[in-house]
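2 protein chains.
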Amino acid sequence: MSSFTLFVAADDDRREVIEIVAAAAGVALVVKAGETCPGAEGFGPAMGGVPVISTAQGPIARTVPILQYLAGVHAHSALHGDCLYTDAVVDQWLQVFLADIAPNLRILQDVAPDGTVAEGSAVAQAARGKPVAPKAGLALRSRAEAATAAVFAALAARLETHSCLVTERITLADIAVASQLLPLLESGAMPSVAPAIARWALACAHHAAFVAVRGAPTEAAVNRIMSAASAVAPAAPAAAAAAAAAASGAGAPAAASAAASAAAPAATGLTNSGSVSAGALSAPPAFATRWSRGRARASEVLTAGAAIIGQTVTVGGWVRSARKQSGLAFIDVSDGSTMAKLQFVVKEGIADADSIAAVAKVGTGACVRGTGKVVATRDGKSVELECTSLSVMGDIPDPSKYPVAKARLSMEALREHQHLRPRTNALAAVTRVRNACAFATHRFFQERGFLYIHTPIITSADCEGAGEMFSVTTMMPADPKGPIPRTEDGSIDYSKDFFGNPAGLTVSGQLQVESFACSMSDVYTFGPTFRAENSHTSRHLSEFWMIEPEIAFAGLEEDMSLAEDYLKYCTAYVLEHCAADIEFFDQRVEKGLRDRLQNVVNEDFVRLSYTDAIEILCRPEVLKKAKFSIKPSWGMDMRSEHERYLTDVMFKKPVIVNNYPKDIKAFYMRANDDGRTVQAMDVLVPRIGELMGGSVREERLDVLEKRMEEMDVPKDNMQWYLDLRRFGTVPHAGFGLGFERLVMYVTGMENIRDVIPFPRYPGHADV
Amino acid sequence: MSSFTLFVAADDDRREVIEIVAAAAGVALVVKAGETCPGAEGFGPAMGGVPVISTAQGPIARTVPILQYLAGVHAHSALHGDCLYTDAVVDQWLQVFLADIAPNLRILQDVAPDGTVAEGSAVAQAARGKPVAPKAGLALRSRAEAATAAVFAALAARLETHSCLVTERITLADIAVASQLLPLLESGAMPSVAPAIARWALACAHHAAFVAVRGAPTEAAVNRIMSAASAVAPAAPAAAAAAAAAASGAGAPAAASAAASAAAPAATGLTNSGSVSAGALSAPPAFATRWSRGRARASEVLTAGAAIIGQTVTVGGWVRSARKQSGLAFIDVSDGSTMAKLQFVVKEGIADADSIAAVAKVGTGACVRGTGKVVATRDGKSVELECTSLSVMGDIPDPSKYPVAKARLSMEALREHQHLRPRTNALAAVTRVRNACAFATHRFFQERGFLYIHTPIITSADCEGAGEMFSVTTMMPADPKGPIPRTEDGSIDYSKDFFGNPAGLTVSGQLQVESFACSMSDVYTFGPTFRAENSHTSRHLSEFWMIEPEIAFAGLEEDMSLAEDYLKYCTAYVLEHCAADIEFFDQRVEKGLRDRLQNVVNEDFVRLSYTDAIEILCRPEVLKKAKFSIKPSWGMDMRSEHERYLTDVMFKKPVIVNNYPKDIKAFYMRANDDGRTVQAMDVLVPRIGELMGGSVREERLDVLEKRMEEMDVPKDNMQWYLDLRRFGTVPHAGFGLGFERLVMYVTGMENIRDVIPFPRYPGHADV
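Here the protein sequences come in this chain order: A and B.
1 is the number of the first residue of the first sequence in the UniProt record's numbering; add one for each residue after it.
1 is the number of the first residue of the second sequence in the UniProt record's numbering; add one for each residue after it.
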């Protein structure tokens, strides 16, 4: 959890809204009331004591920037709008309630409806000790009421037809506005309010973030809000509501549909949102969207929580467990969107589910869709769905035959049911984390201006030795007894093959992507690669995905820094976006996983030359302590035990070993002047070992040609590669990592076959 | 270009900053001064006449939300910070200058340094016609100066060490602050100012967006700013500057390096930014970054433009053309980051480039790296690099042998040099657009909560017929004369093959991804697929990339809407992010391209049943007009000429034809009750034809099995697929599109071999 310090004047009531937003965003806040933040002089006291938070990057002053920042710390906090426009509408509400009408709200709070001015209040202080006559107080108050009337009208109209202020879920706008209004309503300072505002304010008061900061609302406070609501005539007509909704942030089509559905407001809400998730990405392109999901995701319902209590939503998913109890059925449903299950509560005799017994019978694995009201769970900590209808879309006719019915099947057993295993907790969590790693990879490189290049899968060029390549051919006969074309001398006649030459599946896109680095500067690949090794270990696959960035005008330092930043980025991204999944892996798969990952994000990686690494490993005290099975010596390829010593014992953080002996590295790596090392680097990570490997590429034509000759690399097929050195050569570098290794590293999963949807290894390519 | 209407009071001076931001963001703004925006009552006049813009989605009121919105309309406008923290610092400056100290700035403008109050000013109006004594004016002014002193000190300290207010490029903060300060400085209302502020204000005044709205600054205005700067003692000491930089938004490490480099402030700036691009994505994970590029990209220099005039930067790239002229060499350099070239101006005798003749000799294709000062081009419209050093990293020893030297090679000729062709304008533009399409695809699905699934490349299952599959094998003998394992009866012995069975390269990931839709709900694939067709057309490849989303609990309507939204999203994304590339294609490849694409974004797609489509095509007047070579009739697979008639002649926009005859569609498509059609759909696009195809999947086990029998689809290998219907089946749908078709569609390129880095087709898999 990220942590920040808030500096705020002792009596500053903006403290509360900042604390609530921090709670909603899952950010820890240390409050230093009455202290000032060093380094923020230009924005603090000189402006009359504004709130300031200090962050690792520096201070931020003023309420709105602070709220926006806190809301953004974790992308999943989803406190912003869902597009550029709704973001702006959120901003608009913040501006109006935290700045523009704040002084008038202050007056409504300080001056009672009868004109009495609260002692010690700003109004009283402004009178410098002289008593303020109730008549003067009343005048002040009525000016404040007039100044805020239009805003309250817009607020009421919006909330007549929508569950929240801007989108259909709690945003910064709801928190900011409710934090200003709740004290007014709960204290009776605002004795009448539109029922829609009261309903929404109550939902906010029960929201976890509000409860965390202000405590649960008291019965008296709830009663006062309710009576304020009953003091006014209900509901604006639909047309006015729609107009006001348009004014307050619903999109034009949404406003129209809001008007259309005004007769059944409970049916609006999450159900038809098809919404863009979280604030993970700003400003998607603007166009009129037509897709809607027709159902809410379990993750959306559980995240919105108390904010949507009372709303009607539809959720579909697969039953994880079901039980029957005194006329009710309780069904835990998962739709893959989150580790948590949403509980359906089903009463006897509702449509489509005519007996509890029938419902309870659907059992694990059945597919159901339920519509109902979101209600609080008994402990008040979460919400569940009180179904008004339930459809069984797909049942399990014979539960004994459902292969993944049991609660805890071994990973080996699940591997026999690859098409069903994502219905289990572990594989679903892997799927979400793998997805997050993939998107984090694209985001990382795209944010830095790299271009994604699709290097070829079928190729006649080979990077690291043809022995490991799968052949790709169209010469295998359709009739298994048929012949394979041969020339007169009995050789296989590849001129008859599809590509006119022997072709195989790529083992790396590096050589090809270099040609794009030598024209577009900064590029990366992310695609499948193959090894025809007859390997049955838990760390090898025949088909796996690789990521290979390549940067021009760069040397070893840049390459190491890029690798370090990339790994930290992906790790931090997963910690942020898959917190519940990482929690699961931490508990069930690898104790201490989260700490291990946080260590990678927090620590500067050690950079150590191979020569120094060997020197360290050969120190007598190290040899004594480590008891290596193979004694390290200069020139050897380091074994895992050596790498582990460096990362797990010696430094306790990631280590980048660099400048390896040339004889244990590939032909294309750039030679150092010492004549015996090349500019290669491997990133070693505690508990995992090597995760990435890279190098500077030999950019000098003559040196490269000589090295190819020394290492017997045939040059005939490689003229195109030499061309890159022949014409406008450039220093460049890159690295590669196996994507599945990355997923193993972030999940703690121990067998590589369990982190890819359909693993391929000797004898296995069935599905 | 997007367009919005601004409603603002006739005398509201916030109009200018809004117009400047719109210009900087490339957004067209129609100004209606003195009018009010309908539908924004709650936020407009009641608040005293705030600015309002109307957008397609609704109105937005108040200056800061409006600026944020305009800045975000085009993600490439890069007007925000480069991370969550700098975003907050931008917000902070907006808040301070547009709200908090705005009244004091107003006073500095209205009351002259000698205390004279301007006629008609707010101060004069507040006195209700009574003259304000200079003494009272002076008191007002000195209060305003005191109230703003700390802010100006922070501003000066920041600008001592940085070129811009928040990051090293122009953001909203610079525009907002400069728009408030420039009138004060140019009018002499602020007779002294820190030199760093003056320098920066001048750079802003020359920025294209300011010039577009305010005109170029006059000589008198420039002189007044310069003399204000010389009225104060120069420069704060480095320590104070660093402290203040920390206060005003530089990250802690940046502040330290700023202090370290205070002795050579000109060396800071873009050069070492390694910065996160644009506002394309908000809030990347927070960690201490170590990677820096050591060079600026040409796109960054050209985009920053006037804002970084005078800064020293390093740029590397490849020479597109070079010429010599009276002691100078002019070299146009491209680094792949943008269509535009950055011009290097090199003087005789600089380090590393001892004679102009030598520099001019490097010629097209050479790789150079230059360091120098950013200066305005002669026409003042752009910037160029005045080199103080130039290194030739890689030359072209014999220009006559450089294969892509000529200005305009045919696409066919370039195809012979796949490794060098991205150095040409056309292929570089394709590379950027292809990258944008790929990332837009991921963003689209990720924003909507879809999970990215890697379906297998090697498979024993086949979706649409094994005849088109490449075999994948390890049985081809290393010795070409060697045998291939056969069983006793002469059949090829696949039990000896790597996977123990015949295996091939996938033709589609759909069947496999369905298993994830039936557990994780909303998923998509994006990976390579293969066809072993001996096809030599300009529209077929043997290896191509496909995108296949699959959604659970969904029917044909949702599927069509998802396809429509997806295509619009990608198109809008490319229009926004690759504007210069699309301009190039519009001019050189397909006239009217941009309009064609904009039409797709703007129009609701027509949805038409196959039966209705055939009915339309068979109308006598259509047959007469269209002169089809084949007369359409119900049951046939529509030909391009028929599809083209619907999209290009009849509707002039995209058309989704749906509910096709079952006999021309695949076995897995869901049967309609009419017994003769299935829930399939094809998206047809003007000038292109079919771009996407999809369907609802048959979710009923018995119906699916019967259909497989009817169509002779063997069930043995498909039991896993039937399991998805056997256990908790769910209605689901999806579609697929060939990624290269998408790139052809957005670029107008006519041969599919030119939109993929290394095309594979019969006889070609060399590189």
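You may find that some hints are simply not true.
Same chains, same names: a pair is fine if it fits in one copy or spans any two.
[Unchecked claim] Cut-off 27 Å, straight-line C-alpha distance, at most; resulting in silico cross-link-like pairs (DSSO-like, lysine-lysine): (1) K665 x K715; (2) K381 x K32; (3) K401 x K715; (4) K496 x K715; (5) K625 x K706; (6) K591 x K401; (7) K665 x K373; (8) K401 x K135; (9) K653 x K324; (10) K715 x K481; (11) K706 x K401; (12) K627 x K135.
Worth flagging that the hints you see were computed from the coordinates, not collected in a lab.
We went through each hint and held it up to the structure:
no.: 1; hint: K665 x K715; result: within (18 Å within a copy, 49 Å between copies)
no.: 2; hint: K381 x K32; result: neither (29 Å within a copy, 51 Å between copies)
no.: 3; hint: K401 x K715; result: between (58 Å within a copy, 19 Å between copies)
no.: 4; hint: K496 x K715; result: within (24 Å within a copy, 33 Å between copies)
no.: 5; hint: K625 x K706; result: neither (43 Å within a copy, 69 Å between copies)
no.: 6; hint: K591 x K401; result: neither (34 Å within a copy, 61 Å between copies)
no.: 7; hint: K665 x K373; result: neither (63 Å within a copy, 41 Å between copies)
no.: 8; hint: K401 x K135; result: neither (81 Å within a copy, 95 Å between copies)
no.: 9; hint: K653 x K324; result: neither (51 Å within a copy, 54 Å between copies)
no.: 10; hint: K715 x K481; result: between (38 Å within a copy, 24 Å between copies)
no.: 11; hint: K706 x K401; result: between (64 Å within a copy, 22 Å between copies)
no.: 12; hint: K627 x K135; result: neither (89 Å within a copy, 87 Å between copies)
Comparing the model with each numbered hint stated earlier shows that hints 2, 5, 6, 7, 8, 9, 12 do not hold.
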